[in-house]
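Undergrad: Residues per chain are reported as follows:
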Amino acid sequence: MVDNKQQWKAWLYLSPAIVLLLVFTLWPIINTVRMAFLENYKSLEAAGGATFSFGIGNFVKVIQYKRFLTCLKNTVLLCVLTVPLSTILALLIAVALNSIKPLQRVLQTIFFLPYVTNSIAIGMVFAAMFNIVGAFYGTEQEIIVTAGIINNVIQFFGGEPINWINYGSTYAANITVMTIYIVWNALPFKILVLLGGLQSINKQYYDAAKVDGTSRKRIFTRITVPLLSPMIAYVVITGFIGGFKEYTSIVGIFGEKMGPADDAYRLNTMVGFIYDALSQNNQGRASAAALILFGIILVVTMINGYVSKKRVHF
Amino acid sequence: MKVVLQNLTKVFPSRNKKSNEEVVAVSNFNFEIPDGKLIGLLGPSGCGKSTTLYMISGLQKPTSGKIFFGDDDVTELSTENRGIGLVFQNYALYPHMTVKQNILFPLQNLKGADRPSKEEMLERAYHAAKLVQIDELMDRKPSELSGGQQQRVAIARALVKMPRVLLLDEPLSNLDARLRLQTREEIRRIQKETGITTVFVTHDQEEAMSISDIIVVMKLGVVQQIGAPQEVYDSPQNLFVAKFLGTPPINVFNGSVKDGKVYIGEDAVLEVTNVPDQEVMIGIRPEGFNLDAEGPLKCKLSNVEVMGRDVSIVSTHEASANPDIRSIINADNKVDTSSETVRYSIKPHKLFLFNKETEERIYFEVK
Ligand SMILES: Nc1ncnc2c1ncn2[C@@H]1O[C@H](COP(=O)(O)OP(=O)(O)OP(=O)(O)O)[C@@H](O)[C@H]1O
Ligand SMILES: [Mg+2]
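Residue numbers (the numbering used here), protein chains in the order written: chain A, 52 to 365; chain F, 173 to 539.
Treat each hint with caution, since some may be false.
[Claimed, not checked] Just some of the chain F residues that point at chain A, by a computed CB distance under 8 Å:
| no. | residue |
| --- | --- |
| 1 | F260 |
| 2 | H268 |
| 3 | F277 |
| 4 | P278 |
Since the hints were made in silico from the structure, they are not lab data. It should be emphasised that the depicted structure is a prediction, and the values quoted were computed from it without experimental measurement. All residues carry an ideal CB built from backbone N, CA and C; glycine is no exception.
Go ahead and model the full structure; you've got the sequences and the hints to work with.
TA: Encoded structure:
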């Protein structure tokens, strides 16, 4: 045991971190909960001396918003599409990377590059790639002048160019672009984690599998995946948490309007909804939405945890 | 299935390009392992035992030389097609599978006509488990087993396919002394019961001597001697083999042969014929000493340890290459512990002469 004298010393050393945590983490959390449960809370009015009654009106309003349901639907859809896809792709790439010896370092770096580049900037590159027009962007008189590289490729193989993201594009096309972009963006981190996991698997299991005459496919499904399952679970859980906070990637491709010009906010997400409420100075509604998002993430993480307890070995 | 190793050589290239120091892990290994025998591959750490085993298993490719199983050349055959069972130094049981799944795994990998039915697989798995007496533990994970139990699971997994050759890489190195003793007897029993040609790697000479039909002693990648354990012990071909086998180890002296007499220091301990005069190394097994008040070898007595049946006498001699000389004699002999000296006569067949430079055995006849 540490005696009392040393204890206050310990607290002294901890105090800078504790103060920062209290001011910038704990207080905002408490304040968010407080604001969410005060009817129609607006901080400007609060500063002016107005008082607000306690209630769950903010939550009711948030849920009743049709836009909120759109945001929820977009968020969930993107999560469900991108997390499994990026995890599987990352797993395959990690296994491939792990099995080649020459150029492994170089390829590792290449695959890691998206992680250190700005997602808005990459979003703009993606937007250019999926573009269909060059002139009169976003107006009703759009003229197809140039196509982005993706459409060029489609045309090269004799297909019809697809309106991915521009005026008049379909929701399905938008979601496809978002899925490709988010998956691509999520890969580096997942590959890194899974590759690290793969490299720490004892090689003798593979020797044993060889002696046992195991086919490559069975080595992957019966040995690699189970031995990697803690890493996979980690990647899936963080993937879902990140997915529910999706926002910048959509801004990156569609701009602040969060959708094609003819249907703004079509691709808005939960975090986008919270920002909108904040920009309208409606802190009460933003807080309520944030708490709902928190609740959803909590539930999903708990389900993930429950599933992985059953499926993850060790 | 007999296994033939022909000029088997493994060279590992050097790591960095500057120094050209290749490692010759195994050099020109020639041996025909008779069918159904248990072979003990014995040698100090780093002498190439595991490498030899991995080449037989196919996990490592020989640099040169050939391997035959029966009359088939398997040198180019991949591991999975060789029909071997391998028990790794640290077992390598799949940690996420139960004991049963571990044992079933090799069977489930079989394809086509070789693939047994589900019931037959289970039956064979239980049969293998019974053989190593772990059929009670089938639903446990490896982490829930003791070292000895894990080792037996590894053997069951290797046996369940009915391999043509069973390879064991220091399977007892992680066990405590009692379990080692017990498990090595078990390996012997299982090998006898199944009649599978088995190669057993160890650096523990006692272990190898006690269970092998034939032992192979290696040093720095080169085979030193091959033979039945007793034969190798009784007639080592060089000083290394003589030193490596036997507990307590052989006593080594600097000596000479002059006019048909073997000298340790000033003491002429033996008369021999057909050995020219020369400096020699002399090895005498601990049991090769007789207490003899008139004996030619005079040593300084330092300690007497009574070990029940036997007495171990520790003494010194200026010509001894080791600090102590240890002799083991029957406890019926009374040792005068108050005396400063002890005198021995030597049993001729327990004394070996070795060339001073090459350390090769010099054979002699007792006069
Ligand atoms: N992959 C490798 N690359 C380079 N050198 C190696 C490699 N594997 C083994 N060696 C070397 O080959 C020699 C023989 O190694 P091996 O593993 O066969 O020894 P061993 O007799 O099994 O020893 P131990 O009793 O310690 O297990 C050693 O000098 C070792 O350093
Ligand atoms: Mg070894």
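Undergrad: If a hint holds in the structure, say so; if it does not, say that too.
TA: How the hints compare with the structure:
no.: 1; hint: F260; in the structure: 5 Å, holds
no.: 2; hint: H268; in the structure: 4 Å, holds
no.: 3; hint: F277; in the structure: 6 Å, holds
no.: 4; hint: P278; in the structure: 4 Å, holds
Comparing the model with each numbered hint stated earlier shows that all of them hold.
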